[in-house]
Structure formats: structure tokens, C-alpha cells
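Heads up: the sequence shown runs through residues 31 to 376, numbered per the working numbering.
Think of the hints as simulated: they come from the structure by calculation, not from any bench.
This structure is a prediction, so every number in the text was calculated from the model and none was measured.
A couple of the hints might just be wrong.
[Said to hold, decoys possible] Derived lysine-lysine pairs resembling DSS-like cross-links, with alpha carbons at most 30 Å apart:
1. Lys119 x Lys335
2. Lys186 x Lys367
3. Lys174 x Lys119
4. Lys144 x Lys367
[Unchecked claim] Beta-carbon label-pair distances, calculated as ranges:
5. Pro123 x Glu353: 46 to 52 Å
6. Gly332 x Asp133: 25 to 31 Å
7. Arg161 x Asp307: 17 to 23 Å
Every residue gets a Cβ at the ideal spot worked out from N, C-alpha and C, and that includes glycine.
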Amino acid sequence: MVPSPLSVRLIVLALASGLVGSGSSSAGELARYEFVETHMGSPFKVLLYSTDPTAARSASRAAYDRIARLDAILSDYQPDSELSRLSAKAGGPAVPVGPELFDVLTACKLYHEKTGGVLDPTIAPVGRLWRRAMRDRKLPDPQKLAEARRRVGADKMILDADARTVRLTLPGMRLDVGGIAKGIAAQQAVDVLRARGIDRALVGGAGDIVVSGPPPGLDGWTIGVATLTPNTTEPELYLSLHDAAVSTSGDAERYVVIDGRRYSHIINPVTGEAVVDRASVTVVAPDGATADALETSAYLLGPEKGLNLIDDVPGAAAIYTRETPEGVVRFESRRFKDVPRARPKS
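Put together the whole structure using the sequences plus the hints.
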């Protein structure tokens, strides 16, 4: 899948005990620290609370190192990543892979089955044609698109758990795990912070956010759900979350208009076509991988099937926003009404 853009707006509320800024604190007093680095093609933000600036910097460094390691494994842009090296052996025998890559591909296979094929790690041949289409503002050649589609399908990716091998059965197959990678990276970064004693933190990369314990004095991290026009309108809905993940998929920032028609950067692996609906989906789930996998899947499935999928996953909830001729319409999953709300402070 093509990675989703940053379409969840983060708003961190006033700090407890009058603490402000991102550095100094009195002995034993929690202060907020902010860090930003670019990984996986997107800025990753780490917000955390600590009583010790040295510990804060060390923990954030460990979190970013974990994200960088995953990028080196999962990137479909870097030719020397483990994922790219596996793709280069498509059509050949089974290839031994590391545990991280095997676990990610196993999760992708699971969600491919659960979503009726709309989350598919073999989407890359079609995705590359649409990336070029967005750059050139010209629709993909139908014959090339048909040829690319023949190399797409997770049934052509054979996993052997005992041998920990992967076989891509057709030459020219290529993998893209962007539909789940950032959520996994954000979750593992939060897990690294927890292991180092930082239990009040937020990690966000593009539209994928994972939080642990809340800021001091607050019930949760306040996260504003972006509108369909996030660059010009403020969020209308704010969530208060802790020990959870939230991901958003939509076309607010990445789309192309060709011959007067708007095409999303998100491609449906089943049809091989870019989505033309103007919509966004925000999913809250217990962990980053689940939230990331579900948001693009629900977006592609549409409000009825997409929210049915959300309802079938324990602990998940979602809101689906769509532009229609009658105006903007919002659809909610059954559990979304139970997600705590927040009101930002000025």
C-alpha cells in the first residue's frame, strides 16, 4: 500500500504543574520533551515526559533507532532493504528472511484474508504505475496496468513458518508493506520507551499515532481528527486517548486531478484502480499495527463494509467521513461512541 499522509492533527493539552517547554525540570518533576526525525519518508515525532533530560534523550534515541531498523527491513524504496532484496528474488525458490520481516508479512497475509484482499503486500507493481501517473498527471496505460495486476495477490506469496521462508511465485512481483509499516514502527517505538521507564509518551509518523500513559494531570492525549480539508479547517472532533493507537487514511493531502477527475494516492489492490471518493477514515485500536491495517482497509471497503470490518475486530472503533452531493456525511462504528472525547484548551 502507498503510505497514508498526516491527516490526524495532534494537539497536546496544557501541561500539569505549570510545566512548559521541552527541556528543563526540577529534580523529580516531570517535564515534556519533544523530538523529531525523518524515517520511512515521513517526520516521526516523539513526545515524552521524564524527570531526567539525559534519560529522555537516551530513550528517544533508542526509539528512533528501532524505527530506523524497521525502515532498513521494510522499505520498498531502499534497494538494499530486506524487503527489496526479497522482491528481487521473485519467481525463484523460497527465501529465508529475518523474524521482523516474516512477522510483518504474516500480519499482512492475515489482514489480506480478513479484508477480502484490500490490504495486499503484493500491490507494488500496480502502485508504481499509479505513482508515475500522479507525477505525470496521466492515467496508467491499461495494458501495463493489466500486466501489473497479474502479479498482484497475496495468494502468490507463500509463507513457511517452520522454515521462516517466503516465496514469491511469479517473476516481477514486488512487495510494499506501507499499509501497516508505520503503525508497527510507532508501536515498537512506544514499546522501547516503556522498556526504558518512559510510560507517558506519544509517537506519531504520518497518519499513525501510538500513545502510552497520558500527560501528567490529564486523562489522555488530545488528538484532533482532521476534516476533509485539514489545511483550512480545524478539527470538529477531539479524542482523549491513552495506551492506544489511532490512524487515519484519506486523500486530503495526496491526490491528483487527471482530465477533471480526482484520484486518491490510495490504490485498491482488487481492482487496480485509484480511489475516486473523497473520504477519510480514522481508526482507534489497541495497537499501532491494527489501527494502521484497518484504516486503509476500511477506506477502500467503503462505510458499510469498512465499518463492519471494524466492528469485527475487538477493541477497534472508527469514524468514516465522506463527501457526497448532499454534503459531508459521517458514519461511525458501533464502539466509536465509547471512545473518550476531549475539548482542547486555548
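For each hint, the structure was consulted:
1. For the proposed pair Lys119 and Lys335, the alpha carbon gap of about 36 Å is over 30 Å, so the pair is violated.
2. Among the hinted pairs, Lys186 with Lys367 is inconsistent with the structure: their alpha-carbon atoms are about 39 Å apart, more than 30 Å.
3. At most 30 Å may separate the alpha-carbon atoms for a hinted pair to count; Lys174 and Lys119 meet this at roughly 21 Å.
4. Distance hint between Lys144 and Lys367 is fulfilled; the C-alpha atoms sit about 24 Å from each other, no more than 30 Å.
5. A hinted range of 46 to 52 Å holds for the C-beta pair Pro123 and Glu353, which are about 48 Å apart.
6. Distance hint for Gly332 and Asp133: a CB-CB separation of about 29 Å, consistent with the stated range 25 to 31 Å.
7. Between Arg161 and Asp307 the beta carbon distance is about 20 Å. The supplied range of 17 to 23 Å therefore holds.
Hint check: violations occur at hints 1, 2; the rest are consistent with the structure.
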